[in-house]
Amino acid sequence: MKMLCLLKKEVLLAGNYFWFSLACVIGILIFFSNQETLHFGSIYTLFVSVSFACYFLFSSIFSMEDKYKGNLYLMSIPYRKRNIIEAKYLLAILVYIFAMLCYQVMFLIKIPGITLVKYKLTFSCAAIVFFIISIILSIFFALYFCFSYGKIKVALIAVMVFIPTWGLLGLDRLTDLNIVYYTPSISPVFSLILIGLSIIMMQVSIGISLHFLNRRNF
Amino acid sequence: MLTVKYLEKSYQNFSLDDISFSLKKGMITSFIGNNGAGKTTTLKCILGLVPYESGKISIDGITLVQNERDYKDKIGVVFDSGCFYEELTLEAMKSIIAGAYTNWDERTYSEYLNKFGLSRTQKIQTLSKGMKMKYGLALALSHHAELLILDEPSSGLDPKTRQFFCDELMKQKQKGKTIFFSTHITSDIDRIGDHIILINNGKILRDCSKEDFLAELGKRHPTVEDVMMEVISREVQ
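Going down the list, the sequences are from chains W and U.
If you're matching positions, the first sequence starts at 1 in this note's numbering and goes up one per residue.
If you're matching positions, the second sequence starts at 1001 in this note's numbering and goes up one per residue.
Treat the hints as calculated values from the structure; they're not laboratory data.
Don't be surprised by glycine CBs; every beta carbon is placed ideally from N, CA and C.
You may find that some hints are simply not true.
To be verified - Across the chosen pairs, the derived CB separations fall in these ranges:
{"hint": "1", "chain 1": "U", "residue 1": "Y1011", "chain 2": "W", "residue 2": "L197", "range": "51 to 57 angstroms"}
{"hint": "2", "chain 1": "U", "residue 1": "S1054", "chain 2": "W", "residue 2": "K153", "range": "32 to 38 angstroms"}
{"hint": "3", "chain 1": "U", "residue 1": "G1055", "chain 2": "W", "residue 2": "K153", "range": "51 to 57 angstroms"}
{"hint": "4", "chain 1": "W", "residue 1": "V189", "chain 2": "U", "residue 2": "S1020", "range": "56 to 62 angstroms"}
{"hint": "5", "chain 1": "W", "residue 1": "L7", "chain 2": "U", "residue 2": "T1121", "range": "18 to 24 angstroms"}
{"hint": "6", "chain 1": "U", "residue 1": "K1129", "chain 2": "W", "residue 2": "F218", "range": "19 to 25 angstroms"}
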């Protein structure tokens, strides 16, 4: 119940950016799947859509939390600090699940002459994207609780918006790594291991965030 | 009720030095001192908003570390600047706050909103300072808290709203609530304070009843401010 209230708080703080982030997921999936000359792989397409959505969502939440002293109030009422932190991670996971479901549904919808998403999203691809997103968010959430949004916002936009787009496309052109078009396949067991590692990484990150929050002077 | 023992907290240019006091149940205790004396830092330590080096803070024997939920369930808090997410409506903010408390009473909350003339659909940023204070008070009083902690609640308020605020605190006292409020506006204490804790430069200088505090100056009809200035100037010398 308390976690639901905290999730609601995140959504309320994001305001219209919450709906924009969800629209962003669908828009990016369609946009990246409909490039005539570029055939982006499912990993890259899903990753960019989740990364952009998380960026818009969390940058608006972080800036609202920094702008007002609402967190001061929140910390002084009977919410556990761990729950306040966990709500952010949970919201990010929900955004990822939403993006994954959108991808699967859009792949299944067949409209003559219109391509919503081009390539099938396999379990292994979904696991790889979850792993990458977990690494990025585990680092940024911990940094946010250590410093504040003002100090990490440039890094946040660089890592979640510019590097996945210009950075990876540029790297792809300069090298033969074939990052953005390649769709690797890994065994289901290894995929599960990746998901498990992602969850462990987030748990460790929650612990580190809690450590920072406990040391922070509000 | 609330007991603070040997509290120590250091910043680069300021420190709380061996702060100890306890609040008596059903009384209004005023926490006074000049700006920067350590009032807000002490309150933040009590609320678990800043870590402290040493000391023990408990409410009815429960510490924040032992049972954060029970500890905070007993407190109703009002901050000077409101500390709300101001772009939200009163209803949206309430829905976040109410979820935290075990004993949230929606009926009491509605009664206070009506009494204070607040609308649920209004955005917090459109409220005046006085209305924000009333909203904070409505939130703090709607979960049957035993202890009300208010940080500079009357600063920046017009005399009429301050009178309203003092009357409301008196009503809460009559209901048996323990009230602890920090202020540098000493005229409020002349009206409603029972007990006074004076802090200066991170040290408690006085912890006594208002009568004993006023008797210290030895002149007829002294104000809390007169005594406070005298005690602080003696300390500086």
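Against the structure, the hints:
Evaluation of the 51 to 57 angstroms hint for U/Y1011 and W/L197 yields a failure: the beta carbon distance comes to about 40 angstroms. For U/S1054 and W/K153, the hinted distance range of 32 to 38 angstroms is satisfied, since their beta carbons lie about 36 angstroms from each other. U/G1055 and W/K153 have their C-beta atoms about 36 angstroms apart, which leaves the hinted 51 to 57 angstroms range violated. Checked against the hint of 56 to 62 angstroms, the pair W/V189 and U/S1020 passes, with Cβ atoms roughly 60 angstroms apart.
Distance hint check: the CB atoms of W/L7 and U/T1121 are about 22 angstroms apart, consistent with the given range 18 to 24 angstroms. For U/K1129 and W/F218, the hinted distance range of 19 to 25 angstroms is satisfied, since their beta carbons lie about 21 angstroms from each other.
Of the numbered hints listed earlier, those contradicted by the structure are 1 and 3.
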